Amino acid sequence: KAGVTQTPRYLIKTRGQQVTLSCSPISGHRSVSWYQQTPGQGLQFLFEYFSETQRNKGNFPGRFSGRQFSNSRSEMNVSTLELGDSALYLCASSLLTGQVYGYTFGSGTRLTVV
Amino acid sequence: KNEVEQSPQNLTAQEGEFITINCSYSVGISALHWLQQHPGGGIVSLFMLSSGKKKHGRLIATINIQEKHSSLHITASHPRDSAVYICAVGSYNTDKLIFGTGTRLQVFP
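Heads up: the sequence lines are chains L and U, in that order. Per the working numbering, residue 1 is the first one in the first sequence, and the count goes up by one each step. Per the working numbering, residue 1001 is the first one in the second sequence, and the count goes up by one each step.
Since the hints were made in silico from the structure, they are not lab data. Keep in mind that a hint or two might mislead.
[To be verified] DSS-like, lysine-lysine: derived pairs with alpha carbons at most 30 Å apart:
#, chain 1, residue 1, chain 2, residue 2
1, L, Lys57, U, Lys1001
2, L, Lys13, U, Lys1096
3, L, Lys57, U, Lys1068
4, U, Lys1096, L, Lys57
Note that this is a predicted model, so its numbers are computed, not measured.
Extracted from the complex, chain U is given alone in its bound form:
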């Protein structure tokens, strides 16, 4: 069993839909990261969470430390949101990230 599990693996949505991507982990962490990767490979860091909830524009990320679970929500999805979203966790005193397998999101107009 992977230490970081993401679901779903693939997601298709119509423009305007509300999107949820889930991430569960089994290790102790100091922070959880949500990353976005577009075709071509470059990665953008969306959120870093150690507790609670963060919001940036149409993106919302939540984490429940007790349940070892995080969600990434996209409100009013848009075709430009099409990308691979990756959950990654890291523990104290190390920058050794453990990555989920990613969720490929396609948003159609």
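Isolated chain L (complex conformation):
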């Protein structure tokens, strides 16, 4: 079966712009969570969606937002990009909750802000 698909794989944006990243979970998975990975901070939890509702949120500014659609696909948006937003953004999907069913991760979107 198809894995978790993240698009695009690579993205270059200018400071002040906004960006939207997409994550298509494994068919049947209803939970999608997002993570940011930087050399300085490592992997950090951004937010998690389940059945179109944000279930948990990490400690990121309001410029970071997300949503989930009825087919469980999820998008995250970063507005007013800063240089420090350059990172690998990963999403993971789970059947209901990763703490019981485990996670499947996507390959990530590498965002560079110049």
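Position chain U relative to chain L; hints supplied.
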């Protein structure tokens, strides 16, 4: 102090050696996850543990809930095992994972 600590940060081994990576955590958890990340970024989930021990091929993961400690062992290491291994924990009713800083493993032929 980080809520999830991993050691060592870097590990170099010769092919065939037995590898151990350790993870200690200070929060209550419902599950602990061992992840593998190759260059290029994609993450593969290796194990999810809430108690005891799990084995998959040459990989073994153990967890001691009372001591809040987990280990990942690789038997008969191979150059293809070279990757970053990351420990992550999550608590009940949340998919908010807390990650360790990772252990970079290099296995030489």
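Going down the list of hints, with the structure as the test:
{"no.": "1", "hint": "L:Lys57 to U:Lys1001", "verdict": "holds (22 Å)"}
{"no.": "2", "hint": "L:Lys13 to U:Lys1096", "verdict": "holds (28 Å)"}
{"no.": "3", "hint": "L:Lys57 to U:Lys1068", "verdict": "holds (25 Å)"}
{"no.": "4", "hint": "U:Lys1096 to L:Lys57", "verdict": "holds (8 Å)"}
No hint from the list above goes unmet by this structure.
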